[in-house]
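Q: With the hints as a guide, dock the two chains, each given alone in a separate frame, to form the complex.
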Amino acid sequence: KNQVEQSPQSLIILEGKNCTLQCNYTVSPFSNLRWYKQDTGRGPVSLTIMTFSENTKSNGRYTATLDADTKQSSLHITASQLSDSASYICVVSPQYNFNKFYFGSGTKLNVKP
Amino acid sequence: EPEVTQTPSHQVTQMGQEVILRCVPISNHLYFYWYRQILGQKVEFLVSFYNNEISEKSEIFDDQFSVERPDGSNFTLKIRSTKLEDSAMYFCASKYRDSTDTQYFGPGTRLTVL
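Heads up: the sequence lines are chains L and Y, in that order. Going by this note's numbering, the first residue of the first sequence is number 772, and it counts up by one from there. Going by this note's numbering, the first residue of the second sequence is number -10, and it counts up by one from there.
The reader is advised that the hints may include incorrect statements.
[As the list claims (entries may be wrong)] Taking lysine to aspartate or glutamate pairs in the EDC-like style, the calculated list, with each CA pair at most 16 Å apart, reads:
hint, chain 1, residue 1, chain 2, residue 2
1, L, K828, Y, D90
2, L, K871, Y, E33
3, Y, K31, L, D810
4, L, K883, L, D838
5, Y, K31, L, E776
6, L, K871, Y, E7
Calculated from the structure, these hints are not laboratory results. What you are looking at is a predicted structure, and each value in this text was computed from that prediction instead of being measured.
The following block holds chain Y by itself, in its conformation from the complex (with noise of 0.2 Å):
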């Protein structure tokens, strides 16, 4: 069955650094998000992308967070300033359509700021 993957599995940067996320989505879905969950909390919604754009942000995503799609393949997730308070786990989800079709995680990037 296919899936979607990412990596790396465990990120360790110091404070201020510059982080990149990396998912591959299912390969016919058209519709990709990004999400966090702190150790212990709810899973929190960050961003959705389609057709190469920005579809939906949160108050989370802000000016530090950007997202690309560099080669019809990958999607990213670019923290430019890495934050104590950006330690968590990331999700990256994908989805084919529109509505209520099922939205496949990937397993997950653990970031952990120092």
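Same shape as in the complex, but just chain L (with noise of 0.2 Å):
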């Protein structure tokens, strides 16, 4: 079955902290992964997408790898900022149908000063 898990659920960090979010999916087989920031009551934001072919994508200070192997992959975030609270999702589709996408259930992150 198809499959994307995050982890954790939800987070919470010290402004000016850095920090890394989990995503493993079973998705197969894979064409692209996506991950983006959703804010409390609006639409998702992209923020990298990255093709099995592409171990590392960045986005400013938003940092993800994919590891194709293992069907794992991380967002890091650096020198997180108060506008950083939001939650992370992580989407993946696959090699057969682009227009296919699976959803994880998302980070919740909670930046506090």
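A: Right, here's the structure in full:
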């Protein structure tokens, strides 16, 4: 069964600290993996997109890594800011259908001053 | 920067009524999507649409749901006879091409079924 699991469910960190969010997936064969940021009550916003051949992708203070062999991805946030408080969602597409998306449940990050 | 827009932002309806949720995707985009998110739960894929037809739909997208692109700019989701469990945030999204293009989401329509 195609699934996307994220951990932790929630995380509290202090402003300025780094953190790493995890995503494990069973979608196979795999095409691409996306990380989104979703502020409360808003639509998700794309952070990174990686294909199976990419190991790492950065977007400012966000760096995503991918290990297609172990089917794991992580999102590292550097020098966190209060505005990073949001849910971070991992989304995987299968190789046979780019228009199909499997969503993880997200990690809710709370950055405290 | 171009953005996906959705109307209304909040829709309240009685159980059994029909609702139409509207979206205006980014103008040169070719692929369109509807998602829903029940409060406190994860985003769920409903349907994808390309070249004026459904390209993929989930198990949630049953006969009560339909999509349309009536005029080349709007993209609508119709729920024929709403149920209490249809209460959710509905997001529209679009992207330009296939494969790894960025998918842009709208701000969502909150549907409340009483």
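Q: Could you check the structure against the hints above and give me the numbers of any it violates, in ascending order?
A: Hints 4 and 6 contradicted; others consistent.
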